[in-house]
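Those sequence lines, one after another, are chains A, B and C.
Take the first sequence: its letters are residues 1 to 260, numbered as in the numbering used here.
Take the second sequence: its letters are residues 1 to 358, numbered as in the numbering used here.
Take the third sequence: its letters are residues 1 to 309, numbered as in the numbering used here.
Hints listed in this document are in silico derivations from the structure and should not be mistaken for laboratory results.
Hints may be right or wrong, so weigh each one.
To be verified - Pairs of lysine to aspartate or glutamate residues, derived as EDC-like cross-links and limited to a Cα-Cα distance of at most 20 Å, are as follows:
hint: 1; chain 1: A; residue 1: Lys235; chain 2: A; residue 2: Asp223
hint: 2; chain 1: B; residue 1: Lys10; chain 2: A; residue 2: Glu250
hint: 3; chain 1: A; residue 1: Lys152; chain 2: B; residue 2: Asp45
hint: 4; chain 1: B; residue 1: Lys342; chain 2: C; residue 2: Glu100
hint: 5; chain 1: A; residue 1: Lys3; chain 2: A; residue 2: Asp202
hint: 6; chain 1: A; residue 1: Lys114; chain 2: A; residue 2: Glu128
Claimed, not checked - Here are a few chain C residues that face chain B, going by a calculated C-beta distance under 10 Å:
hint: 7; residue: Phe35
hint: 8; residue: Leu96
hint: 9; residue: Asp188
hint: 10; residue: Thr234
hint: 11; residue: Leu294
None of these values were measured; they are calculated from a predicted model.
Beta carbons are placed, not taken as given, at the ideal position from N, Cα and C, and that holds for glycine.
Listed below, chain by chain, are the residues.
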Amino acid sequence: MSKKIGDVILDVQNISLRFGGVKALTDISFNVREHEIRSIIGPNGAGKSSMLNCINGVYTPTEGTITFRGKTFDHMDSHQVATMGIARTFQNLALFKGMSVLDNIMTGRNLRMKSNLLMQALRIGPAEREEMAHREVVERIIDFLEIQAYRKTPVGQLPYGLQKRVDLGRALALEPQVLLLDEPMAGMNVEEKQDMCRFILDVNDEFGTTIVLIEHDMGVVMDISDRVVVLDYGKKIGDGEPEDVRNNEEVIRAYLGTSH
Amino acid sequence: MFYRENGQFKTSYQADQQIFPITQDRWGVLLIVAFAFVGVPFLADEYMFRAILIPFLIMALAALGVNILVGYCGQISLGSGAFMAVGAYAAYNWFIRIDGMPLIVALLLGGFFATLVGIFFGIPSLRVRGLYLAVATLAAQFFCDWAFLRIKWFTNDSASGTAAVADLQVFGLPLDSPLAKYLFCLSVLVVFGVLAKNLVRSAIGREWMAIRDMDVAASVIGIRPMYAKLSAFAVSSFIVGVAGALWAFIYLGSWEPAAFSVDRSFQLLFMVILGGMGSIMGSFFGAGFIIVLPIIINQVLPFLGEIAGVSVSTAALTHAEQIIFGSLIVWFLIVEPHGLAKLWSVAKQKLRIWPFPH
Amino acid sequence: MGFFLETLFGGLMAGMLYSLVALGFVLIFKASGVFNFAQGAMVLFAALAMARFGEWIPQYLGLENMLLANLLAFAMAAVVMFVVAWLVELLVLRHLVNQEGTTLLMATLGITYFLDGIGQTLFGSDIYKIDVGMPKEPLMLFESTFDGGIMINQEDLVAAVIAALLVAALSLFFQKTGTGRALRAVADDHQAAQSIGIPLNRIWVIVWCVAGVVALVAGMIWGSKLGVQFSLSTVALRALPVVILGGLTSVPGAIIGGLIIGVGEKLSEVFLGPYVGGGIEIWFAYVLALGFLLVRPQGLFGEKIIDRV
């Protein structure tokens, strides 16, 4: 695979996160290069989702900084993060259950909609054209994810696998530079996983989107990642190419659960 | 058989996203609106206008406003009565104090001031939700109750504390007959209905629904909760304020603050719950239901009482209303939380495949 | 100064009544996560029941002993409240398990209207008296320190003592008994509690029964003081700000919040009222609660509300 992996686009430095007495993350540092697929793995409760939440602005780290494209922040504001081009999916599917698939993905376009309230109420000229232009973009995403038949269905009525695709679609609607995927294949069968892998690889290939991926399925991780970070009990215990990490003793111990 | 979409292909996104994409729906609504404007005036008598149609139209407008806030944006509000009051008293003061103030401008100004108050009392929604937000809106309700009662300036220093308007006219046409009032209210409702429907299916509507469904996720995709929530309060209060002004000017003629008490707020909330939260049609269903039901009870119960040989007092009728309303609210919440509007759309679904059962 | 203290005590006593109603809110919320808007309607319903039973028992059973008649009336009213609790669980709560808080809140709004209507249909809608033999003459205290002394209502004093006993009993119940522990588990997480075998339905019936008895005590005291009439049901609306102030999950919060609101209302009415045309009582409690919502939504003693993604 000849893929141009660029410079460091996202740099996480010495991030610690504490909830009262619970240390969710301790002194985590790693970086992500542009256009690569970076996986974060680790046993349950290792702090992987918390890490994404810090990057995303949902949690504020107790210590440490995050640098994105050269700008350093000690905490991220979720709105700002979206405008900077970082999008994410959620482990527990934070979809808008009351809305259709089409509307859910359209909400991802909201950042780019410029017409004001009055123009939307009157639905004339510029407002109408803008709505149609964004609808086209969303339809391309729907085609890409092969969910055309469900576009008007309320998301709450769809099976889990399809809901996950809608979650991905909504993140893609932001046209992000970095895509944070939180266990996108959880609860899927083999075919669904293959489809999802295909989508992720296509997004990375066609649009050059940098992917940060939390995943439990080792086969998938070893197959598609360029580099891997391993967390355990909130600490980093491995960082490097898939092969190196697979043979790392500490990582093996963490997963097999011998003495800590 | 009749209600099928067969053969209706949309060739542009624009066509797909119209207000009524199904041809039968479009014709149906146009027919109903035409009937409302042209047919009803011939069929309805003065009592029907006064007691049923005019209050229905104005309450439907108010319910529409409340539905935007509660149904689409998920912000519970028990202060709608207060916003109606602000609309009414603001419009009143502009109307009375400035010579030659056109009625429509006064109504819009009423809505505008209701918007300001609505945004102010909507600020707590940025911090709290659910019951806590309900308490904040109740603060608005009781504060306004007091303000319009005690601050004499609002009622033009009248001795009795009542406000009254007379000689209303629109574009030179007097609004004195029930028919004229009916047509005026109908026009206002249709205009606001279209604007509201446009809003809820465009970007801002999706933002409102996103906040309702999951506000944490909404902020992660770049929606600003503050803008979404306050805009919901603003738009909702504007509509409710105009409805309040209409209620005062056109339906009541002369009014006291008690017309906009907390009972009114509850009534509006019930309309939205029963009619269907997050549905424009639902607001109309709910308003109709709640306006018409007491009238039905008032006719039917004494009739039943006569058969049973029991006399039914007016107090008993009020209590019966309370019992029936209370039960209906609970029943709907359990059986069909999406209200009458959902029942209606289920009926339409069945109609689409009629005469086949499934 | 004497006048200030009098107003203060008057406020404390009024506050105690708010606290009793707020207590009912807190109990149900702690145990079921439901905010029971119908608490005020329950107070009215219970008071009506007690008032009418108090009339009917001497009438139909010829019981002359006031104390016995009242005790019997109280017991019967309590039974009625148990029936209400059981019916609410059976017909409403069971079908709304794990629905959103807003839905449950609106369901209790429906219950409010229902109870109002049916209470007045069953028991009548005039003004009734509850006579439990509370001393009505005011007490004069501190006559030596202040000129003329400070007037305190004996009835209020007795009410305060009853309320204090009730709170103590409830606190013991929650902390020391197995049922109390189960109630706290259910308040935390319905599904988790179910999964360890706690019978959700029975717990809810129990908690609504307890709240019903609290409502009865509150209704008895209010009714004895003010007469039993429809306006009693709006008492719920007056007590809402109390739970905001005190914290929705805190029993001591309900008490202290009630006292603060009671005192605040009286003091502001007497000392600020004349400047702004009077009638401040209508909104004082609510605006105070509004302030708290902006600054400290969980109230003085409540638990912080955390959202998880």
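Checked hints:
no., hint, in the structure
1, Lys235/A - Asp223/A, "violated, 24 Å"
2, Lys10/B - Glu250/A, "violated, 59 Å"
3, Lys152/A - Asp45/B, "violated, 44 Å"
4, Lys342/B - Glu100/C, "holds, 19 Å"
5, Lys3/A - Asp202/A, "holds, 12 Å"
6, Lys114/A - Glu128/A, "holds, 12 Å"
7, Phe35, "holds, 5 Å"
8, Leu96, "holds, 6 Å"
9, Asp188, "violated, 17 Å"
10, Thr234, "holds, 8 Å"
11, Leu294, "holds, 6 Å"
The structure does not agree with the numbered hints 1, 2, 3 and 9 stated previously, though it agrees with the rest.
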